Amino acid sequence: MQHMANLNIPVAEREPAGAAHAKAAIEISDLSHVYAGAQGGVPALEDISMRVGSGRFVVIVGPSGCGKTSLLMMMAGLRAQSQGEIFCHGAPIRAPDPRRVGVIFQEASLFPWLSALDNIEFPLSLRGDPKDERRRRAEKMLELVGLGGFGERYPHELSGGMKQRVSIARGLVQDPPVLLMDEPFAALDEQTRMTMGHELLRIWSLTSKTVVFITHSLTEAVYLADEVLVMSARPGRIIDRIAIPLPRPRNYEMMATDVFGQLRERIWQQIRSDA
Amino acid sequence: MTLPKPVNVRRGMLVALLALWELVPGTGLIPELFLPSLSSTLTVLVKDWNIYLAAMWVTLYEVALAMVIACGGGIAAGALVGGVAHLRNLLLPVFSSLYAVPIVILYPIFTAWFGIGPESKIAFAGIYAFFPVMLSTVAGIRTIEPQFILAARSMGATLSQLITRVIIPASLPTVFAGLRLGGALAIIGVVVSEMLTAAAGIGYLVTLNRTILDSPRVFAALLMILTLSIAYYVLSRALERRMVVWQSVGRAPKADRSTSSVGVPVTAAA
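Chains as they are written, first to last, in my numbering: chain A, 6 to 280; chain B, -18 to 251.
These aren't lab readings, by the way, just hints derived from the structure by calculation.
Bear in mind that the values here come from a model prediction, so they are computed numbers and not experimental data.
There could be a bad hint or two in this list.
Some but not every residue of chain B turned toward chain A, in silico, with C-beta under 7 Å [said to hold, decoys possible]: (1) S20; (2) D29; (3) P127; (4) R134; (5) Q142; (6) P154.
Cβ pair distances, simulated, as ranges [as the list claims (entries may be wrong)]: (7) A:R84 / B:I144: 16 to 24 Å; (8) B:I149 / A:D263: 28 to 36 Å; (9) B:I149 / A:M259: 33 to 41 Å; (10) B:N70 / A:G95: 26 to 34 Å; (11) A:K145 / B:R(-9): 29 to 37 Å.
The beta carbon of each residue, even a glycine, is placed where N, CA and C say it ideally should be.
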């Protein structure tokens, strides 16, 4: 109990200096969603309100089936909510808009019939960019994610971690200010997962994107986030917002610190008390 | 001691089979009427080469048209039934159960409708081969990884881009498997229908010579059919390998040789 007493974690409502004037990257007010079911509607999301400041790294955690992936799909414009509006830099999101929002999926979303470079170029080719321009940007992205020289490989010739690097490059190639990531490292082994998380922070620090990241791993959440949002079991609500005051750049040694453990514990308590 | 390579074993078996075919009839163990020797079969094949070649052209023509009907119709119908939920719920059970019907029962009706010329063979073989092509096209579309569609939509793909850039390439491997099966069935359909009722074609030569107990000429016709099937198999495999590179390169990740488990290229780190 003693170490709980000197726990001094600020509850996050604060944003980086100056951000209060700028429009939030993502702003959601009173969003609810009800699934059509056989016996009437099933409430899936309830009164979700959140605000993600520009350039922030926000992680959403919550039990399986709490609707966090649905929420992310709504932010991406891939799914419609029953009620409420999602604003991205001031304008509502109602359909996928790759110039504003990039999405990075769990796994198996790279097209196996395209090489790594062609996969990264794919979104640019959809909008009809010229071939040499596409190639130039794709190669730049491949360098950024540390896979220079692997462009001609097909996905089945790449390891799990390398595939997710290509996915990240594909998400970044249209240069959207907001990146949504749906458990991107869930299929990787623990070691690769931590390396990839660290790698993601490096890429993030170079690109100044706003990131909304979903995960099941509390360690990953604390390690990556500026702020962790905890969701309840279905119907999903946001039951806690926890600021992560660890300095950046983050390093693996921080995981062994008391602060890290206490933050992780607090998230765990929230999830457990809700169950 | 190492085992011989499988491909060499297979070649050896083929040579042995041909040798047996040549030698066994000479021993008198099997009457020449049941199994004429390889050399007597080849002799009549060379002697009657013009007859066999003409028959082969008729068969090839019928097979080609039957394949066009089966593949074109099968892919179009499969795309509609696989892609549109209402049509799928309505029609898929119908098509699946029709697949179980021995379609050869339709052939007598087709000869009544289309005569005993090539038309009835084309119609019968076309329908016979239609079902596997259609059902595998449905399966190809239905088994597309949902993440592919979501990812493409999130990247701003329009419906037509979704179809041409994602759905078609993603379903190609399954569709190709169906096309290969459909093509083989088209050959079977044409040959069987020629054997039943016809006035031309390689299957007709089988039946004609069987009724006059001319075994070498029956076997010569069988040899032609065998050649046709093998040629078709080799061609379709080559075509498939060209079209679906990423499927045939093998599933084992080659990346291991230059990649560490954490996804960092070793070459880059060195």
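Any hints from earlier that this structure breaks? Give me their numbers in increasing order, please. Numbers 1, 2, 3, 6, 8, 9, 10 and 11, in rising order.
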